[in-house]
Amino acid sequence: MLTLDRVTVEFGGLRALDALDLSIGPGEIVGLIGPNGSGKTTVLNAIGGITPLAAGSIRWHGNRIDGLPPHRVARLGIARSLQHPRPYLRMTVAENLRAAWSGGDGDWRAPVEQALELVELTARRDVPASDLTLADRRRLNLGQAIVRPPALLLLDEPAGGLDAGEDEAVAALLARRVLPGRASLLIDHDTDMLACLCSRFVALDAGQRIAEGTPAEVLSDPGVRRALFGA
Amino acid sequence: MSDAALSVLTNIGMISFVGLSAWVLLTVGCVSFGQQAFFGLGAYTAGIATVVWQLPLALALPLGAAIGAGAAAVLGLATLRLHGLYFSIATFAFAELCRIGIELFRYRTTRDGQPVGPDGVEGFGDIRAVFEAGLQPVDQLMLVWFLLTAAVAVLIGLERTRHGIRARMVGEDSVAAALHGVDVARVKLAAAALAGALAGLGGGLYAHLTTYIEPRLFDAMLGVHALAYGLIGGLGTAIGPVLGAVLDIGLLESTRIFVGTRMIVFGGLVAVLIILRPRGILDEALVRRSACLFRRHADARPRHG
Numbered sequence: 000m001l002t003l004d005r006v007t008v009e010f011g012g013l014r015a016l017d018a019l020d021l022s023i024g025p026g027e028i029v030g031l032i033g034p035n036g037s038g039k040t041t042v043l044n045a046i047g048g049i050t051p052l053a054a055g056s057i058r059w060h061g062n063r064i065d066g067l068p069p070h071r072v073a074r075l076g077i078a079r080s081l082q083h084p085r086p087y088l089r090m091t092v093a094e095n096l097r098a099a100w101s102g103g104d105g106d107w108r109a110p111v112e113q114a115l116e117l118v119e120l121t122a123r124r125d126v127p128a129s130d131l132t133l134a135d136r137r138r139l140n141l142g143q144a145i146v147r148p149p150a151l152l153l154l155d156e157p158a159g160g161l162d163a164g165e166d167e168a169v170a171a172l173l174a175r176r177v178l179p180g181r182a183s184l185l186i187d188h189d190t191d192m193l194a195c196l197c198s199r200f201v202a203l204d205a206g207q208r209i210a211e212g213t214p215a216e217v218l219s220d221p222g223v224r225r226a227l228f229g230a
Numbered sequence: 000m001s002d003a004a005l006s007v008l009t010n011i012g013m014i015s016f017v018g019l020s021a022w023v024l025l026t027v028g029c030v031s032f033g034q035q036a037f038f039g040l041g042a043y044t045a046g047i048a049t050v051v052w053q054l055p056l057a058l059a060l061p062l063g064a065a066i067g068a069g070a071a072a073v074l075g076l077a078t079l080r081l082h083g084l085y086f087s088i089a090t091f092a093f094a095e096l097c098r099i100g101i102e103l104f105r106y107r108t109t110r111d112g113q114p115v116g117p118d119g120v121e122g123f124g125d126i127r128a129v130f131e132a133g134l135q136p137v138d139q140l141m142l143v144w145f146l147l148t149a150a151v152a153v154l155i156g157l158e159r160t161r162h163g164i165r166a167r168m169v170g171e172d173s174v175a176a177a178l179h180g181v182d183v184a185r186v187k188l189a190a191a192a193l194a195g196a197l198a199g200l201g202g203g204l205y206a207h208l209t210t211y212i213e214p215r216l217f218d219a220m221l222g223v224h225a226l227a228y229g230l231i232g233g234l235g236t237a238i239g240p241v242l243g244a245v246l247d248i249g250l251l252e253s254t255r256i257f258v259g260t261r262m263i264v265f266g267g268l269v270a271v272l273i274i275l276r277p278r279g280i281l282d283e284a285l286v287r288r289s290a291c292l293f294r295r296h297a298d299a300r301p302r303h304g
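So the protein sequences, as listed, match chains D and P. Just so it is clear: in the first sequence, position 203 is 202 by numbering that gives the first Met the number 0, and no numbers are missing. Just so it is clear: in the second sequence, position 207 is 206 by numbering that gives the first Met the number 0, and no numbers are missing.
Any given hint could turn out to be false.
What the hints assert, rightly or not - Calculated Cβ distances over 10 Å to all of chain D for the following chain P residues:
1) Gly-112
2) Trp-144
3) Gly-180
4) Phe-257
5) Ala-284
Stated by the list, open to error - Take a look, some chain D residues computed to stay more than 12 Å from chain P by CB distance:
6) Ala-53
7) Leu-153
8) Asp-220
9) Leu-227
Claimed, not checked - Okay, the calculated beta carbon distance ranges per label pair:
10) Asp-130/D x Gln-53/P: 31 to 37 Å
11) Gln-53/P x Asn-62/D: 53 to 59 Å
12) Ala-284/P x Asp-106/D: 36 to 42 Å
13) Gln-207/D x Val-153/P: 51 to 57 Å
14) Ala-215/D x Leu-275/P: 55 to 61 Å
15) Pro-68/D x Pro-114/P: 52 to 58 Å
16) Asp-189/D x His-296/P: 44 to 50 Å
17) Ala-77/P x Gln-207/D: 49 to 55 Å
18) Gly-76/D x Val-30/P: 54 to 60 Å
19) Ala-122/D x Leu-250/P: 39 to 45 Å
20) Leu-54/P x Asp-106/D: 53 to 59 Å
21) Thr-121/D x Phe-293/P: 21 to 27 Å
22) Ala-284/P x Glu-116/D: 35 to 41 Å
23) Arg-108/D x Glu-102/P: 52 to 58 Å
If you are wondering where the hints come from, they were derived from the structure by calculation, not from laboratory data. Note that CB positions come from ideal geometry on N, CA and C, so glycine has one too.
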């Protein structure tokens, strides 16, 4: 479905991604792990059209999408949540969902109601986004990513910055309601949480793939352990 | 109503168009110091249309708006990819370029044995179509406020459409808007053209109701005021910039209370509001609360059935 072929991204002299191959099949939930600076977010930015490629190609159902601007990639059904949730602060929760939906056609009311329910924000629908806690902003961020059911979901640290109870709630939300049946690429520092959610892991270090396989296989790989935990 | 009051109200209506123009760009997150250029272009275009080309006013005003929109779109293509302050500086430079261009612009012809048409720094007088049509001050007031009300109503109507929501998304966070599938460049360009049309229409009215225009009228002070009207009146609704113009022209400029101190009071007002209400008097939160109250009121009314 999505295929990255020898994708290379350079920032000045720094090679952030080095000939990376990666593919995601229908309904597959893939976790992208690696130490800070290994290029995880850059992968999402490259797919989303935010960061241009220096070499390689990205294909979506066989068609090249590298070089498309972000809004064109979004309209293909590739939804992206940001590492730092940035809701439209002067809009309410429901308005934020309607805004995220507004790239599409048809009636927005039913999808907005569904998304509110899915991320458990129905009770806070008329609250301005500026009054939300970080946990609720994360929920809203997820709701915005799925209000128009995406063909591929790219989630950058969906539970980042939350305390223990809150991140479990978001993980449960992801596991039960958001991810099932939906092709997704997830990034998170909490590899245990990712292992519960994903069917496959890809480990990066310095812009290169160092391991790929089931979460258990990848987490027991000595190279991955060295890169992630220094042991 | 006295003639003086009529003239103040008419003036507020005309200048509100430039305020509205700057406000449209503010809603998509662009701070323009150059909307007076499109007001000036609209004024000269509409004036030339009736005086030199002898076209009817009903054609001259849309022509002024069209030239305003066209010029704004061309400027937008060149500048809307600039961010923040750079965009503001570019709009300011363009407006000054326009003003100086108009100073050098002469397009004279003879009507009834009299030379007429734009005459560089000497200005452009005898734009008499409105008076020749016999429109009284009250009619002029009605004309200006009818067009202004229509413009505000269209903008408020747009707010609720998908286009309006996309504009708000771009205004709040253009990166997030792009991730949600919004073509940010296109939204900004459409807003720039709409803003140019509004300023151009206001300019055409101004030329005909004052009968005399000169390049000096379209200087940076007009642009700064236009921008301030939205910031004072509020960015939450298109009524905001009109309220700003009412406060500035109606209260500060036209009453005798602030003679000699108008600009000090105006500057102070802007400073105080930026601290207390950074999005103006009619900001988004107030607009949302009033809409909510209005809905509740409507729901509480007994229904026939």
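Inset, instruction - Output the numbers, in ascending order, of every earlier hint that fails for this structure. - result: Hints 3, 5, 7, 10, 12, 17, 18, 20, 22 not satisfied by this model.
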